[in-house]
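Peer 1: Just need the whole structure built from these sequences, with the hints factored in.
Same order as they appear, the protein sequences are chains A and B. Per this note's numbering: the first sequence = residues 1 to 351. Per this note's numbering: the second sequence = residues 352 to 859.
Rather than coming from a laboratory, the hints here were simulated on the basis of the structure. Any given hint could turn out to be false.
Unchecked claim - Here are some of the chain B residues that sit facing chain A, going by a computed Cβ distance under 10 Å:
hint, residue
1, ILE360
2, ASP362
3, VAL363
4, ARG366
5, ARG369
6, ARG371
7, SER436
8, PRO693
9, ASP790
10, VAL822
Here the structure is a predicted model, which means the values were calculated and not measured. Beta carbons: idealized from backbone N, C-alpha and C, even for Gly.
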Amino acid sequence: MQTTSPGIDVFISMDKFEIGRNFGTKIWNAARFIQMHASKVEGFSFAAYAGGAGDAAPCPQGEAASLSLDDRHILATADAALAAMDTALAGYRFQDAALAAYDFVWSQFCDWYLEEAKRDLYGDDPARRAQVVGILADVFGRALRMIHPFMPFVTEEIWHQLAYAASDEETISRAPWPKPYTAEQKAAWGLDEEVRAYVNARHDLVTAGRALRSSLSAIKPSDKVAFVVSAKTAEAADRLRAETESLAGFLGASGVEVLCGETLSGMPSADTALGTVALKLEGSVDAEAEKKKAQDEIAKLEGFLRTVEAKLGNETFLSKAPAAIVEQQKARKEELLADLARKRALLDSLG
Amino acid sequence: MGHALNDTIQDVLVRWHRMRGDDTLWVPGTDHAGIATQNVVEKALRKEGKRRQDLGREAFVERVWEWKKQYGGTIVRQLRALGCSCDWSHERFTMDEGLSRAVAEVFTEMYEKDLVYRGNYIVNWCPRCGTALADDEIEHEPNHGHLWYVRYPVVGSALGVKGEAYKDYIMVATTRPETLPGDTAVAVNPKDERYLHLHGKTVILPLTGREIPVLPDDYVEREFGTGIVKITPAHDPNDFLVGKRHGLEEINIMNGDGTMNELAGAAYAGLDRFECRERIVADLDAGGFLDHVEDYDNQVGHCYRCHTVVESRLSKQWFVRMKPLAEKAMEVVRDGRIVFTPKRYENTYFNWMENIRDWCISRQIWWGHRIPVYTCECGHEWAATEKPTACPKCGAGAEKITQDPDVLDTWFSSWLWPFSTLGWPDKTADLARYYPTTDLCTAPDIIFFWVARMIMAGCRFMGDVPFRNVVLHGVVRDAHARCPSRSATPSTRSRSSASTAPTPCASR
Ligand SMILES: [Zn+2]
Ligand SMILES: [Zn+2]
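Peer 2: Take a look at the structure:
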């Protein structure tokens, strides 16, 4: 989805071009997943989530009190994405509107919420399963309508496949545009900025933990490794402790130990808003071998850097080479410096 | 792609508004792309070894309609293929009966209110075919020619032409010495420091003795020749515009067949233009006015039909007086009744509107709305929405009445689009429901051709703006930097969410 601000560049329909196609595949996969789980809930009807009847009851089934932090986060984020789209479209900022829809559906809904929902959908609590399916149907129904102006064909097809459309004659193009949740709904379900901020920060922490894993060559994607988190506040520590099972799932970890306010040394680590996340090396990794590897790579990078710096210090090169080549070398230098900083931090953390 | 982009943007807007419950209408349609379409059909005719004149006007127009039925639906098919959310029952074409009636109505009113007039304009002219040619009917070819350096004595210099260059005489470079008798000025670039001392001076036109001014004008390229050029408003399109800027006299020294007339001077009248060129060069040389000659390569336009070298020629054309229309159209943007997105295009708009020139609306072709101006043998001239059966002045019958042979510029129908497509001049339910529309989406390159003119027409004939928002976005062009598709105008609008917009890009 390459898009444009008004008056600049090119706006391209999401239905056509490669990113649009990938996005389409992503939505189709989500649709099939949701449909499969909905089929296991007795008497479940997508049409109830099509925004009809004044959008009065998108309410997740079951008790509001049983909503998880992730449920509350995705509902609040859907609302925020809707507001962002409406503002952007009212200002004719088509790119911003498309990006708001795209980011919400791809990152927030598919990459985080669907993954989180799996534990409950494959769990053994039927009431909770039904509740999660209800949330999925509501949020996905909103998402389809939000994407519809940009991807009329794919969204129409799914609207019918999942029977959001009550009959063949109905069309998503005449379905009502989603309405923001009311203040009462938000209060009852606990949709607030605080929840969004916490879950977003937890997502950042997981992303940072995953990056640590991939920085160590000895760890294969299937390896279970142990993580430790030192939270910045007692409150964050409590929340994270309540979610270690989910965190371990997202990190592919054998376990996640949550501490509070401690300095983690001798381990590869990363700072995030919630606290420091670190990879425990004992047992899982040969620290000496990783150190050696890091040192070798640092030496290699330093060699490259010297070559680039020599070029950039050469007056003949600077005056003769085409500007694009000089720029390329400058960018290469920045890249090498960043790589070196990462490797040196890793080496430090290995003790 | 250009169309796809614009269509997509409009489609997004229309779908969003409709889902929000707004009363939404998107009128799809196309304009008749007068010159471009006529050319396509004439090319097809040529393959049969015929010219449009062989068919005659009526049969030719019939042929264009046939062609239109067969191929004219491309743009609309594209819209359908894109799945655009248009209201197909509202599809319109600028040559439809209703839209044609709107054109005649508007022209007649403007004629009666003196908002249109006939004036001189410079057109491309084939001396052999005896017709005006559109820009895209001219084939430009490289030509090995000459550049003649001619001395024009400065008035008041005692020494005359034999003195010191640029003090006693100036040196003018020209590729077309035969037009010299039609010069009414010479010009220099105002920033050219070599010639600051010449500003306000007068020089003597060789061979005629006529005194003409030295004018500063940005159009002059310092690098061309000596940086001093002769200005011949009646025989060069750029000089014509310079002449308009400075209020110069237009002296037409040539006949329609490419021979010189008596205004060229008794010595040259009756000569063919190329013969005349040789004679004038010889006379300049004999009089000491010819400084030197250089070889010079340039491009020369030829008639696409007969390959004759094309002339620029003054002819009578119809114009719209833009100033009175522009004032209102600026006011509605200034006071925020119409808002441009991005806002910076409002400056572009004001800039153009403040310097607006009258709009030449007549075209010497057959495909289009024929100008509804009639002349009786008694000399009476009038405009009418219906073909008259008798002269309103002397009562003579239709056989004594002739209609203006020219047609109107395609934009003269496109500029009415926001209300003509909704049924104007009738007071229709659609007009009451959807006018003014809300959004016009288009590419910035037609702000002047289309957007500004729609604003003028809306304010003048509907008494209200045609739309509230003008949304401008990028244009996608192909590798040759031309607009990619045939000139046509799918246009659209809706009310709460409107939108509109053709992307006509062809030659106009
Ligand atoms: Zn010709
Ligand atoms: Zn008469």
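Peer 1: Failing hints, ascending?
Peer 2: No numbers; nothing is violated.
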